[in-house]
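Given chain A, put chain B in place with the hints provided.
Each chain, letter by letter, is given below.
There are 2 protein chains.
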Amino acid sequence: MPDTRSRADGARVHADLHALRAIGAYKTGVHKPTFSEPHRQSLEWLVRKLPEAGLTAAIDGIGNVFGTSTKHGPNLLAGSHLESQNYAGWLDGPLGVVYALEAARVLNADPSLKGAVEVAAWCDEEGHFGHFLGSRSYVGQLTEADIDAARDRTDGRTMRDALADMGLAGRARVTAEPGRHVGYLEAHIEQGDTLESGHLAIGVVTSIVGIWQYQINFLGEQNHAGTTRMAARKDAGLALAKFCVAIDERFPGACGPRTVWTTGRITLDPGAPSIIPGTAEMLFQIRDDDPAVIARLEDLLRTMASEVNAQGRCSVTVERIRTGAPAMMNSGFQDAIEAASKDFAGGRSLRMPSGAGHDAQTLAAIMPAGMLFVPSIGGISHHWTENTADDDIVTGAQVFVDACRRILGG
Amino acid sequence: MPDTRSRADGARVHADLHALRAIGAYKTGVHKPTFSEPHRQSLEWLVRKLPEAGLTAAIDGIGNVFGTSTKHGPNLLAGSHLESQNYAGWLDGPLGVVYALEAARVLNADPSLKGAVEVAAWCDEEGHFGHFLGSRSYVGQLTEADIDAARDRTDGRTMRDALADMGLAGRARVTAEPGRHVGYLEAHIEQGDTLESGHLAIGVVTSIVGIWQYQINFLGEQNHAGTTRMAARKDAGLALAKFCVAIDERFPGACGPRTVWTTGRITLDPGAPSIIPGTAEMLFQIRDDDPAVIARLEDLLRTMASEVNAQGRCSVTVERIRTGAPAMMNSGFQDAIEAASKDFAGGRSLRMPSGAGHDAQTLAAIMPAGMLFVPSIGGISHHWTENTADDDIVTGAQVFVDACRRILGG
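Chains A and B, in that order, are what the protein sequence lines are.
So for the first sequence, full-length UniProt numbering puts the first residue at 1; every next one is plus one.
So for the second sequence, full-length UniProt numbering puts the first residue at 1; every next one is plus one.
Rather than coming from a laboratory, the hints here were simulated on the basis of the structure.
Among the hints, erroneous ones may be present.
Copies of the same chain look alike in the list, so a pair counts if it fits in one copy or across any two.
In silico SDA-like cross-links for lysine to any residue, where the CA-CA straight-line distance does not exceed 25 Å [stated by the list, open to error]:
1. Lys234 / Asn387
2. Lys114 / Tyr87
3. Lys342 / Asp248
4. Lys71 / Asp110
Values in this document were obtained by computation on a predicted structure and should not be read as measured data.
Okay, chain A solo, but in the shape it has when bound (with noise of 0.2 Å):
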């Protein structure tokens, strides 16, 4: 029998989607890169909206927004992002931080239940400047010296820079205060076609993948591509090219069932059509929850650098820039996500295991941390045509509303 008290108001949980969409909007989705000015506009909207819940709000020297309970009892963490990739969806992040808006809203005022929901919005988990640099420095994760080399991977701006345009220069970042929380938990979008193909309304999430990422250099020699002999080229490109290649054709023999991997960026220096390029790099990232996986494949990716280098036309170096260790979820949170669905899903949820990077990922390396997912029409994601169904955004709410309920103790 579903608790009537955990009713989800999904009428108020769309028009708070929808005010969000309309800061920043771009087609169907949103284009809110973090410290942008819709990113700021959102950031205050949450700040306008978090006493509705009983909450003070407030955002820290990172633009990490905290709303915070002076309820007696123990206190549910639960939140997620409000910035986008560049002209991406609308329910990246803004989803996860209204269900937790509306968990707050629905728990906090009542008095039958003891402690209180409170909110986050991380700042930059879509990368901008980094990699969850909010959640991470509310970890105590990130060091001032990582914020001072902090750059807008778009337009290059220092992150310092971007603090001050925001009026945040200077203040300080809130760190999370042991013992004040019993755990954390976050809704999000699936980003796969996994809930949807099986007809199904959450995912209950068993991990998170750890992201590996590589920045891979390759050294040639520039110079002119009229009056240079093919024979005598050290083209940087099309080794970079000839890489990319083999690891299409090598890493299915050394991967797990579930890794995937990405080049997402290639840089030729200098980038014009009459100049052999001299230089060129690529940003490549490993994932999979097996870290006994991710270092057979570095090994790989360092073997077929070393071939390269022996072949001595050009040199390549491999950089890992970054070490994601995947991150286990809660069982009690698994399992209060799990009932909740009984009660207001009918049941129609899977445990799976996210391939995409969360900020509870992070929270979970000093809580007790736990995700719900909700589908994604199609799979798509980190696109601005991303969506997910009306209902099935409401369905999401009514599990999270009641799951939040039953990690409380209610």
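Just chain B, lined up with the frame of chain A:
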């Protein structure tokens, strides 16, 4: 017996080249993109210098500088360009302009010689906004619509805005006056190592290769780099890398003995580390002096694209964006350069084709044209380390001045 009336002033030539090098200096080279401030200053420098050669100076509406003579008799047009590739060499362009200036200074003041050398600095030979925009404007191949559409390939600034910033908006463009010139002569660094490795001083250019350029676009499906299974991906970047490698494997079987081809730029969209590229594009160039070879290679390129499309995962389109017929250099001009080399370079000259494009190929469409090369140290070009030995610079100037005298009938 060398004609002493052709004596160039080597110190003056060096002084002029170093004056131009100081404008927009970058390491031992220059950074002087078309319509940048250093480019503007270089044009102004030439305008101030031309009166030394009895020439009236003017900049036209596309940024070409002309020095025109009122001396009686035939006119020979001579010149090159003053802008550079980004962070490139100091002699690529300025050498030919300073040689032309020097020839005009020596010969126009000589009452025993009928006729004059007129000087041109063609705008944007390096193709920041298009290709050979200045010389193509002069020969009547450039429309106002072409200018409307042109943008800086580095920062996207429109050519109209750039012309306005230069104070050239609305100014008339100068086009060739039929019958005014007996021909066009241009000097340039070789940009290869043929002269250096043969211990030669002068290249007598026989032909300039044609450049065919292609934009090759790949369409896949943008998606999340963590949640999209490898088997389900339509990775436009990987399709592009495979295409580059296939070109490298298949072109050698269809090319001519001197064909060269280059992928100078690759762009993945959106270019983020956690997003599978939905689209990717490459700028691809083929050069040869035999149109039949080019036609065969273009056929192969289109066949390869059809094969990719038949596989169905990603689609690819091949668009030819530049068609450059090879240009033959005038045989009388070749003879004049060779004869001058006998007198002033000990006969250390070689007849050779140019693998690089030059404004002379544009001028060759409307008048006899010739080109002279000086050696490039190590064959390095389009890089700030480009250089030529001081003595070779002086020898080239002597040969150039004497070749101009011979063409003018002295």
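Hint-by-hint comparison with the structure:
no.	hint	verdict
1	Lys234 / Asn387	between (46 Å within a copy, 20 Å between copies)
2	Lys114 / Tyr87	neither (41 Å within a copy, 66 Å between copies)
3	Lys342 / Asp248	neither (42 Å within a copy, 58 Å between copies)
4	Lys71 / Asp110	within (11 Å within a copy, 99 Å between copies)
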